[in-house]
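*Asks:* Top to bottom, those sequences are chains F and V. Residues in the first sequence are numbered consecutively from 976, following this note's numbering. Residues in the second sequence are numbered consecutively from 12, following this note's numbering.
Quick caveat, the hints were computed from the structure, so don't treat them as lab data. Note that CB positions come from ideal geometry on N, CA and C, so glycine has one too. Some hints could be false.
Here are a few chain V residues that sit away from chain F, every Cβ distance over 10 Å (derived from the structure) [said to hold, decoys possible]:
#1 G151
#2 P166
#3 L272
#4 R334
Label-pair restraints from in silico Cβ distances [said to hold, decoys possible]:
#5 F:A1008 / V:A52: 17 to 25 Å
#6 V:L199 / F:G1094: 54 to 62 Å
#7 V:A52 / F:W1039: 26 to 34 Å
#8 F:D1176 / V:I60: 34 to 42 Å
#9 F:S1186 / V:A128: 47 to 55 Å
#10 F:H1183 / V:I49: 51 to 59 Å
#11 F:G1011 / V:R43: 36 to 44 Å
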Amino acid sequence: VSAPAAPVAGRAASRASRSSRLVVAALGAGLVAAAGSGRAGLYVRGYFVPVLAGTGAGLLVLAWLRASRPSPRAGAVLLLPLVVAIGIGPRQAASVSQGQLSGGLGARLGDGPNPLLAGRGGPVTLLQIDLAAEQIGPVALMGREVVVDAEVASPSSVERLVMVCCAADARPVTLTVHGAHLSAPGNWVELQGRLSASGGDVALTVDHARSIPVPAAPIL
Amino acid sequence: MTSLLEAPTEIQRTEPPSGRRADGRGAGRSGRPDWTLIGLAGVAAVLLIGPRLPKPVGPRMAAAAVSFVSLCAESLPFLLAGAAIAWLVRRHGAAPLVRAARRSPVLAMVMAPFMGAALPLCDCGVVPLARELRDAGVPGRVVTAFAAGAPLTNPIVIASTALAFGGSGIMVVGRIAVGVAVALVTALIGPPAPDAAACPVDHDHDGHDHSGDGLGAMVGAELAGTGPALVIGALVAGGLRALAPAGALAAVASQPLLAALAMMALAAVLSLCSQADAFVAASLPVGNLGRLAFLVTGPILSLRLGALYRRTFGTRWVLAYARTAALAIVVLSTAWITWGLQ
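Next comes chain F alone, as it looks inside the complex (with noise of 0.2 Å):
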């Protein structure tokens, strides 16, 4: 073995000691990153959002402690849900397809209080709905205004996904329109109207539909 051997390796040690730092700081800045900017938004609840911004924050300490070292190749499989998570955007995460999930639906960790249990309405979303025509009944919403956000499934329906924990487990909420004429599916709606009862499930009865821009967060 000829003397030179030493100081290449330690070259090629340091280099690797500083890419696996590397990987490991940019993995907690993308987890601050995406809690701070509401792309976290994307992929789990509300209530999950801070962990994944203290989870960064840790991930940064260890980084800054040298205190885990993972191989390239460690490191480049780490950085994979990184790179997808960036390249991923509201339009693309609203046109998830979630066919094999459906129903099963509660109420959830984190939700707050739904106005339609307390015998109001205005901004709602389509759980809040669902789960009130659940509890009381389609017939005790009649009449109730509301406005809506979804996405167009079909001429006379919206739907939007809601996740329990991550969007993982997302599945469609679905609500029947009546009285205006929806856009092509995948468009997204504001609707305001009145609830209404038809045939044994809730509805809406559309006064004005507008159309908007995918949401932020287009899963619930």
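Use these hints to put chain V onto chain F, whose structure you have.
*Replies:* Showing chain V alone in chain F's frame:
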């Protein structure tokens, strides 16, 4: 896929700083391509371009990409929190447990699965501890009961299961009850962990880089060791979740026993961390029996664990353990869903 699943295990071994393996496989300053990195780049390209394609491909690819990122984001904090708590326990609470196991082996075997409540370690963290118990002279059946049951009584595992299933008693209590029962049955009628004399000499492949005793080193080792396995598991789960033919999944889901067997196989292949697998189970389009079988199998019988156990206890023990545990999981999960807490 096998090479990808194995990649995180390879990572833990001593590698040249360049990232190339000592056997010459790997990255390439030698001029040979690194197929792992090329594969990852391909996967990234597919997940970035696919969601932008028109229907019906685009929405399915979007589902795969969003599920993948979501699972990673939801699971990583639990993984690192588990490592941090494990550091606390290892530093302050391991010795009394070893003494108690030595005093009363029978009682220790019964109590061993519940040690997860006091030693909140994920399944991969349990392996080195099981080896330490064995080396300390704890009877083999106690070690088996501990290794199989402790990951399922881990408070973080219980909390994540409750979170994923919205506090559903049949799943949360079922995971603990069936998991503990499987651990005891496996310890009683399965193979006791072989004594230290049968242990392979090389222990430097247990999935963790024990480069220090500090909190940062423990959490950092977890990230470098188990983190990539979690990412690969999320990738497979996301892809399967979005891309598997709906008809085939529906056919499996409609037959509970077949669904249970399929989910056991899936849990074994995915090798997800027990602190995070509940979120995957909750998103699986199968019934409660399949989900429970998935939840119980992962921390007891995954491929990742099998590799660790093989190095620790030997191939013969792993095969006998897997046979006994798999049978127990099927029988006891079915019994719980049929007659258990409703």
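*Asks:* Look at each hint and say if it fits the structure.
*Replies:* Here is what the structure says about each hint:
1. G151: holds (33 Å)
2. P166: Label holds. Min Cβ-Cβ 16 Å, cutoff 10 Å.
3. L272: holds (19 Å)
4. R334: holds (32 Å)
5. F:A1008 / V:A52: 17 to 25 Å: holds (23 Å)
6. V:L199 / F:G1094: 54 to 62 Å: holds (59 Å)
7. V:A52 / F:W1039: 26 to 34 Å: holds (29 Å)
8. F:D1176 / V:I60: 34 to 42 Å: holds (39 Å)
9. F:S1186 / V:A128: 47 to 55 Å: Given a distance of about 54 Å, which is inside 47 to 55 Å, the answer is holds.
10. F:H1183 / V:I49: 51 to 59 Å: holds (53 Å)
11. F:G1011 / V:R43: 36 to 44 Å: holds (42 Å)
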